[in-house]
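J.: Okay, here's what each chain looks like letter by letter:
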Amino acid sequence: MLRVVGKILDIIELHKRQVKVSSQELSIRVPEGTGELCLALEVQPGVYGGKIPLNIPNVTRISIHSSPAFKREDQSIFKDDMTLGFDPSKLSKDTKMVLLRVEYLLEDRAFLDTLVQRSSHLDPQDEGDIESYWMTAQLKNLSVLQKAFARLDLRGVDFNVDVGVYEDIKTKIPHKAMRSIERAAEFIGTRDRNRLLRIMLDQRKGMDYVGGDLVKAVRELTDLFLPTRFASFLNVGLGFRYHMCVPGAEMIESILLAIPKFMTVVSRTDLSLEEPARDGILRYHRGRMRNRIEKIFS
Amino acid sequence: MGSATSIHSSPNRALSPVTETQLNSRTAGDDSSGELAQRDGHLRVYLPPQALQGQVLPFFALWKAVTFRKIEVLFPSELEIGEIYNVARNDYTVEPGKLVVEKVEVDGYLGMSFSSRRFGTTSEQVYVESNFHEPSGKVYSRRCRIHLFRPFLAVKEIPSNIRVNVARCQPLDFIHVANEGTGTIRMGIVSEEGSDLPIRESAAMSDFRKNLRSDLDTGFTDLAGAFPEQADLVGKVKEIWLRPVDLGDKEALARVKSAASSLQEAIMNNERFGRAVAETFAGAMLKNLSLLNILEQLVDYFHSVPAKKVLMINPLDVVEVGPKPAVLKVKLVYTDLANGHYEPVHVLTRVVAKRRCNLPVYRLLQWGQGD
Chain B
4 MLRVVGKILD IIELHKRQVK VSSQELSIRV PEGTGELCLA LEVQPGVYGG KIPLNIPNVT
64 RISIHSSPAF KREDQSIFKD DMTLGFDPSK LSKDTKMVLL RVEYLLEDRA FLDTLVQRSS
124 HLDPQDEGDI ESYWMTAQLK NLSVLQKAFA RLDLRGVDFN VDVGVYEDIK TKIPHKAMRS
184 IERAAEFIGT RDRNRLLRIM LDQRKGMDYV GGDLVKAVRE LTDLFLPTRF ASFLNVGLGF
244 RYHMCVPGAE MIESILLAIP KFMTVVSRTD LSLEEPARDG ILRYHRGRMR NRIEKIFS
Chain V
18 MGSATSIHSS PNRALSPVTE TQLNSRTAGD DSSGELAQRD GHLRVYLPPQ ALQGQVLPFF
78 ALWKAVTFRK IEVLFPSELE IGEIYNVARN DYTVEPGKLV VEKVEVDGYL GMSFSSRRFG
138 TTSEQVYVES NFHEPSGKVY SRRCRIHLFR PFLAVKEIPS NIRVNVARCQ PLDFIHVANE
198 GTGTIRMGIV SEEGSDLPIR ESAAMSDFRK NLRSDLDTGF TDLAGAFPEQ ADLVGKVKEI
258 WLRPVDLGDK EALARVKSAA SSLQEAIMNN ERFGRAVAET FAGAMLKNLS LLNILEQLVD
318 YFHSVPAKKV LMINPLDVVE VGPKPAVLKV KLVYTDLANG HYEPVHVLTR VVAKRRCNLP
378 VYRLLQWGQG D
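Quick mapping for you: the protein sequence lines, in order, are chains B and V.
In terms of my numbering, the first sequence is residues 4 to 301.
In terms of my numbering, the second sequence is residues 18 to 388.
Some clues are possibly wrong.
To be verified - Below, in silico cross-link-like pairs of lysine-lysine (BS3-like), each with a Cα-Cα straight-line distance of 25 angstroms or less:
hint	chain 1	residue 1	chain 2	residue 2
1	B	K298	B	K173
2	V	K346	V	K304
3	B	K23	B	K10
4	B	K179	B	K82
5	B	K96	B	K23
6	B	K298	V	K326
7	V	K87	B	K150
8	B	K143	V	K115
9	V	K274	V	K346
10	B	K175	V	K325
11	B	K219	B	K173
12	B	K219	V	K304
13	V	K325	B	K173
14	V	K120	B	K150
15	V	K274	V	K341
16	B	K175	V	K348
17	V	K173	V	K115
18	B	K143	V	K120
19	B	K173	V	K87
20	B	K179	V	K87
21	V	K81	B	K143
22	B	K54	B	K82
23	B	K99	B	K82
24	B	K74	B	K99
25	B	K19	B	K82
26	V	K81	B	K150
27	B	K179	B	K74
28	V	K325	B	K298
29	V	K87	B	K143
30	V	K173	V	K348
31	V	K325	B	K179
32	V	K325	B	K143
33	V	K227	V	K304
34	B	K74	B	K23
35	B	K99	B	K19
To be verified - Label-pair ranges, simulated between beta-carbon atoms:
hint	chain 1	residue 1	chain 2	residue 2	range
36	V	D234	B	G159	31 to 41 angstroms
37	B	N197	V	A243	36 to 46 angstroms
38	B	N197	V	R180	38 to 48 angstroms
Since the hints were made in silico from the structure, they are not lab data.
Don't be surprised by glycine CBs; every beta carbon is placed ideally from N, CA and C.
My request is simple: use the sequences and hints to build the entire structure.
T.: This is the structure:
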């Protein structure tokens, strides 16, 4: 993150007879992997030394506005052989200060871990209808950043939290339905004639959950864990906001099922020099989910 | 002084989701409680309300319009300071149970993390106290409480013989177990050396897993090619996914823990990589789902949640029992949701079945309530 910024500042420093940095601000959009460096540059009077090429491959876009009028100075921007840059001699006459915005692609995505400490709750013990997962983000090197930038925004720092849903499913599917499913699965998987007969007889006794009803119920249950449906059981608060959710993949269980045991919920937050630490809450409305499952199988 | 209070007798006591903080303002010299109350809104201390024992715990303080000449953080001996943010190395001292910060680098923020040790008990209320000293001598105190817990797999009874009704392939005697701690257990049953009865995957699961692993192998190789900077990490994840993890192996669990946390970070830092990882898993799943019908998946699901706060990883693995009595020597291996290591529980018994049958391992266990 700071390597590209350093390269840009080095180039500006080489042209200090033309322009001089008076302040610098940085905004990082984490999800997109882009940074925006905003430099307030004092245009040195009388000396016009030509073009300033920002020959760094990561730079994708630049814009220049005069200050304080905030007039666009596009005529001073040039693009030569894939190199973007600007030419102070082409600025409007008598411009003393410009705001140069440089957008660039972040080189190394792992920078975030050196900059931010992220923690979240793994196993909530709430007994009620709502399960709460805490999340926190803290800037690690505030003073370094404050010395370098007048303003720093880290936008969209991601948090993945695994929300456990297995108990809601297990406790709210009636035992009769479970037995029926088990018999149906066993029926498909066995070749023993006596066993098949026994399963058939047992299945006839428990006619409540067979055939279409059961398949329909299982389908409705699966639908509850589609991201858009599951999102309605979530609420992200305080300094965090909901982004998306997906069925969770686990490291230990080497099997993935149509119905997840965990849903991975991605929330986002922003950090800045003014707000170097934030805490947030992800609430899972377990009670509503249990009622919904109960209704499907009732 | 920060302290730890055991609540072993009521491990499931619910906590408020909001951190309990308590303001105790002590003034050296004058009594200006009105002013202190006003300033209370300018100081905020955060410690999460609950966490697994062994997990990294964040702690931070934010304040405005005040400068402190000293900050003390007092904590119980079961906590250790992990990292401190916004304080130069020479501006703080650490002694057991106490951190003293003489100066923060940028005013208004003190950040840190604690690492927590495994407690002797499964449920502890721990208090962290912080005192913020103004140059005038006024002290603002905050006391934050955190509930630190862990699961505990207790074997209540091991029958000397497990008799099996072979017509239903159902045991008549059970190994009685319970989660006597707080927090989720993720457990499996593994056969041990000296057992006459090996544990193996059921036929349906075996085909499914074999094909899934083969497709994941190809998928991971493609993933490493597309993201060469993540090739090492992809290699580690691949190794874990392609071989079953022994939850009782401390080193294997440490590898899982490290790979899981690196994968999580890589996904959080790069949305494109996250999507590619998800596609690798989803692609392999979609190709093989036909091998395992939805009903079989559901059966596995139900039996993998045998009791409250228990997840079983191999419920449908089978032991082929009968027709002769045989020694069954297994270990119950388990971990928590932070992939912490716990000592396995060893079980030695004899299985008596008149005819051969494939007994799913979940049927060997009967789960009771924790104390």
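J.: May I ask which of the numbered hints given earlier this structure violates, with the numbers listed in increasing order?
T.: Those not satisfied are hints 2, 4, 9, 15, 16, 17, 19, 20, 27, 32, 37 and 38.
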